[in-house]
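There are 2 protein chains.
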Amino acid sequence: MARSDPQNHAAGGDVEASGRRQFLKRSAFASAAIGAATLPTAANAADAAANLPPNVPEWMKAQGAGFLNPPYGQPSPFEKGVVRKLPDAPAAFPSATRTPLQNLFGTITPNGLFFERHHGGVPAINPDAHRLMVHGLVDRPLLLSMNDLMRYPSVSRVHYLECSGNSAAEWFRPAGKTAQDIHGLVSCAEWTGVPLSIILDEAGVKPEGKWLLAEGADAAAMTRSVPLDKAMNDALLVYAQNGEMLRPEQGYPVRLFLPGFEGNMSIKWLRRIKVGTAPFHTREETSKYSDLMPDGSARQFTFVMDAKSVITTPSGGQKLLQQGFHEISGIAWTGSGRIRAVDVSVDGGRTWREATLQGPVQSMALTRFRLPWRWNGEPAILQSRATDETGYTQPTRSQLIAVRGQNSLYHYNAIQSWRVAAGGEVTNVHA
Amino acid sequence: MARSDPQNHAAGGDVEASGRRQFLKRSAFASAAIGAATLPTAANAADAAANLPPNVPEWMKAQGAGFLNPPYGQPSPFEKGVVRKLPDAPAAFPSATRTPLQNLFGTITPNGLFFERHHGGVPAINPDAHRLMVHGLVDRPLLLSMNDLMRYPSVSRVHYLECSGNSAAEWFRPAGKTAQDIHGLVSCAEWTGVPLSIILDEAGVKPEGKWLLAEGADAAAMTRSVPLDKAMNDALLVYAQNGEMLRPEQGYPVRLFLPGFEGNMSIKWLRRIKVGTAPFHTREETSKYSDLMPDGSARQFTFVMDAKSVITTPSGGQKLLQQGFHEISGIAWTGSGRIRAVDVSVDGGRTWREATLQGPVQSMALTRFRLPWRWNGEPAILQSRATDETGYTQPTRSQLIAVRGQNSLYHYNAIQSWRVAAGGEVTNVHA
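Protein chains in written order, with our numbering: chain B, 176 to 606; chain E, 176 to 606.
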C-alpha cells in the first residue's frame with residue numbers, strides 16, 4: 176500500500192476523489208481540520224485526545240427494535256420533516272406535491288418522495304382488470320392485460336421527470352423559499368418497462384400513422400399527442416420504478432414514459448394509444464401546456480425540457496453555521512441527452528468554476544455536481560449553470576425573459592440565485 | 176423517420192433493443208403476436224378489432240384519491256404481498272429479513288425492501304446525539320457529530336450489499352422455494368457519504384497503523400476488523416441511501432460501507448473507528464463469519480464476495496402460463512469489480528447463450544441480465560452463470576463443494592438451477 180500516493184486514495188478509481196483531495200491540500204483544508212475545529216464539547220475533545228471511546232449511549236444498553244410487521248420499511252422518525260410538500264395555501268383539491276430536493280443526496284429520488292401531479296386524483300386500479308388498447312391506424316389492434324404486457328422484452332433506464340410548470344412562480348418574483356418550494360416538481364428514478372416501439376411493431380403502424388394519442392385511466396382521462404418519431408425512438412411503457420411496481424400516484428400499473436419531454440406527456444394509468452395522422456389537440460395541449468409569447472402568439476408542442484440546474488446544498492431556508500469549508504452540491508438535467516458541464520459561481524455570476532460531475536452521467540437523468548468552497552463569512556450569491564451535450568447553456572433570468580416574455584407559466588429554466596447573508600442565512604433572490 | 180430501419184427502434188440508442196428485435200424476428204415472435212394470441216376475451220378482441228376503446232372502468236367515473244397526509248408515499252394495496260420476508264419458523268428474535276427478488280425489476284432495491292440483518296435489534300438513534308470517534312494510532316483523534324461529518328466532501332456510488340450467509344441452506348439441499356427464500360440477503364442502492372480516506376487523512380494515521388476496528392452503536396456493539404488498504408481505497412462513511420437519509424435498519428444515521436466485502440463488515444450505526452497494527456479478532460470474525468474447510472482448518476478474513484447470479488424471472492414458486500415467448504431475467508454481481516458476462520442455459524448447463532447486460536454496468540453493483548426464450552412446453556432446467564472482469568466464473572455446486580466441502584455456511588455462490596415442469600411450475604432443484 177502506498178498511502179502517500181493520491182491515486183491510491185481515489186474512491187472508485189475515478190478522478191473525482193483525487194481532484195477533491197488536491198483541492199483540500201491546496202486550500203489547507205487538511206490542516207484546518209474540520210473535525211478538530213468543531214469538536215462538540217471540550218469534554219468530548221478531551222476524551223478523544225485521551226483515546227477513550229465516546230460515552231456509551233442509551234441505545235446500546237438494551238436490545239433494539241425487532242422487525243416491522245408488515246415488513247415494508249419506513250424512514251426514521253427523526254426524518255419526519257422530509258416529505259413531499261403540499262401547497263401552503265389550502266385548496267379544494269390540490270394538484271401537486273413537491274420533492275424535498277434540499278434534503279436529498281445523489282440522484283435517485285425515493286418513490287415515497289417522488290413529486291406528484293394529478294389532474295383528477297389518483298385512481299385505485301386493480302391491475303388484473305386494467306387493459307391497454309392499441310388501435311387507430313394499425314394493422315392489428317391490441318388489447319393487452321398486464322400479464323400480456325409484462326411478457327414482452329424489457330429495459331431499465333435511469334431518467335428524470337419534470338413538470339413543465341416547475342419553477343413557474345420565478346417568472347414574476349422570488350416567491351418560493353426552498354429548493355423544494357421552487358423546483359420540487361423534478362425527480363429521478365430507475366424505470367423498467369417495454370420499449371413502446373416493440374408494441375407498435377406488434378400492432379403494425381400503417382404508413383400514414385404519424386402521431387399517437389395517449390389516454391390515462393384517471394377521472395381526467397388525461398390525454399396528450401405524441402409524435403411517432405419519439406414513440407419509436409426511446410418511449411417506454413413503464414410498470415416499475417426503482418425496482419418495484421409503480422406507486423399509485425405514478426401511474427400504477429402502467430404509464431407512458433417519454434424521456435426528456437415535459438412531464439404530463441408521460442401519461443399515467445395508461446389505457447389507450449390511438450395512432451392517427453396528426454396531433455389530436457387535446458385540452459391539455461391547447462389552452463394548457465402551451466407558451467404564450469411576447470408577440471401574443473402561443474407556442475404549442477414545446478415538448479423537450481431544456482437544460483437546468485439548482486444548487487441544493489446550501490439552498491434557500493438553510494443556514495451556514497460556520498465559516499470555512501463547505502461542499503456546494505446540486506443537481507442538473509436536460510431533455511437533450513447528457514449534461515456536459517456545470518459551472519458554479521459564488522459571486523453572482525462574475526466568475527465561474529467548473530464543478531465535478533458524479534459519474535456515470537446518464538442521458539436524461541439527474542446529474543449530481545459538487546464543488547468545494549471556503550466561505551469567508553461575507554455575503555455571497557451562489558449560482559449554478561448547466562451545459563448539455565448539444566452545447567446549450569442554461570440562461571440567466573434576463574436572457575430567458577428577453578426571449579419568452581412573462582406571459583406564460585411553463586418551461587422556466589433560468590439560473591437560480593441563492594444569497595448567503597453574513598449571518599449564514601440562505602435566501603432565494605433574483606440576481 | 177425510417178421505421179423500417181431496426182437501428183431507429185433501439186431504445187436509448189444502444190445495441191440491446193435492436194439485438195432483441197432481431198431475436199424476435201428470427202423467432203417469428205412478431206408474427207406469433209403475443210398480444211393478439213392472448214387477448215383476454217373474445218368480446219374484448221372484437222372491441223379491439225372494431226377500433227373501439229376498452230370499456231370505461233369504474234375508476235375513471237369519479238375523482239380519484241387526494242394526497243396522502245403525511246405525504247410520504249406507499250405502494251399500491253395490490254402489492255401488499257411484495258414485502259421483506261420474515262423467517263418461516265417463528266424465532267424468539269429473528270435476525271434477518273429477505274428482499275423479494277422475484278418481484279423486483281432493474282437493479283435498484285427500494286429502501287423499504289432492502290434486506291435486513293441485525294445482531295441486537297435496531298437502535299433508535301437521535302442523530303443529533305450520535306458521535307463518530309476516530310482514535311488509536313492517529314495523530315489527531317476526532318470526535319465527529321453528524322453535522323461535522325456531513326460537511327466533508329461526498330460521493331455517490333451504486334453498490335450491492337450481500338450477507339455472506341446468503342443462500343447458505345443450499346450447501347445441503349434445495350431448501351428454499353423462491354429467489355427471496357434462497358438468495359434474498361442481497362440488495363442494491365445508490366449510497367452517498369464521505370470517503371473514509373478523507374477522514375483518516377484528517378486524523379493522520381501513524382505509519383504503524385495497518386488495520387481498523389469498526390464498532391456499531393447497537394446493543395450487539397457489532398465489531399469487525401478492516402484492513403487499512405481497503406479503508407483508504409474505496410470505503411465510505413455512508414449517511415444516505417437511494418437519495419434519502421439511511422433507514423434505521425440500515426444504520427441510521429451513519430454506516431461504514433465496504434464495496435464488495437461481506438455485508439456485516441459494513442458496520443451499521445457506526446460509532447467508532449480505532450486504528451491498530453493488526454486484526455482485532457472480534458467475536459464476529461472468529462467463531463462466526465469464518466469458513467470451516469474440509470481439512471478442519473478455518474479460513475478467516477474471507478472478505479471479498481465472489482461472482483454470483485440468479486434468474487429472478489421465471490424463478491421458484493412462479494408458473495409459466497403459456498408456451499411461446501418469455502424473457503428470462505435476473506441479477507448478477509461480484510465483489511471484484513464489474514460483471515463481464517452472464518451466460519444462461521435452459522438445458523441444465525449443456526448449452527449456454529450469452530445474456531444482454533443492462534448498462535451502465537457499474538463496479539460492485541447488481542447488474543440486470545436478460546435473454547429472450549421460447550418455451551416449447553417441455554421440462555427445462557434454467558441456470559445463469561456470471562463471469563466478472565477478473566475472469567472468475569461462478570462455479571457449479573459440485574465445483575464449489577469440491578473446494579469448500581460442506582462444513583461452513585458462508586460464501587455460497589454456486590449456480591442456481593430452476594426446474595420448469597411440463598405444467599409450467601418452477602421449482603428449486605440441484606442439477
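Quick caveat, the hints were computed from the structure, so don't treat them as lab data.
The reader is advised that the hints may include incorrect statements.
Treat identical chains as interchangeable: a pair holds within one or across any two.
Calculated cross-link-like contacts (lysine-lysine; reagent style DSBU-like; alpha-carbon spacing at most 30 Å) [said to hold, decoys possible]:
| # | residue 1 | residue 2 |
| --- | --- | --- |
| 1 | K405 | K381 |
| 2 | K352 | K405 |
| 3 | K463 | K385 |
| 4 | K260 | K463 |
| 5 | K236 | K463 |
| 6 | K352 | K381 |
| 7 | K255 | K494 |
Checked hints:
In this homomeric assembly, K405 and K381 come within 30 Å of each other (Cα to Cα) only inside a single copy, at 16 Å, whereas the closest approach across copies is 59 Å. Taking CA atoms no more than 30 Å apart as the test, K352 paired with K405 passes in neither setting, with 36 Å inside one copy and 42 Å between copies. Taking the shortest alpha-carbon separations for K463 and K385, only the intra-copy value of 23 Å comes in at or below 30 Å, while the best inter-copy value is 64 Å. For the identical chains of this complex, K260 and K463 are intra-copy neighbours only, at 23 Å inside a copy versus 46 Å across copies, given an alpha-carbon limit of 30 Å.
Taking the closest pair of Cα atoms, K236 and K463 come within 30 Å of each other only across two copies (23 Å); inside a single copy the shortest separation is 59 Å, beyond that limit. In this homomeric assembly, K352 and K381 never come within 30 Å of each other (Cα to Cα): the closest approach is 51 Å inside a single copy and 47 Å across copies. For the homomeric pair K255 and K494, the shortest alpha-carbon distance inside one copy (20 Å) is at most 30 Å, but the shortest distance between copies (41 Å) is not.
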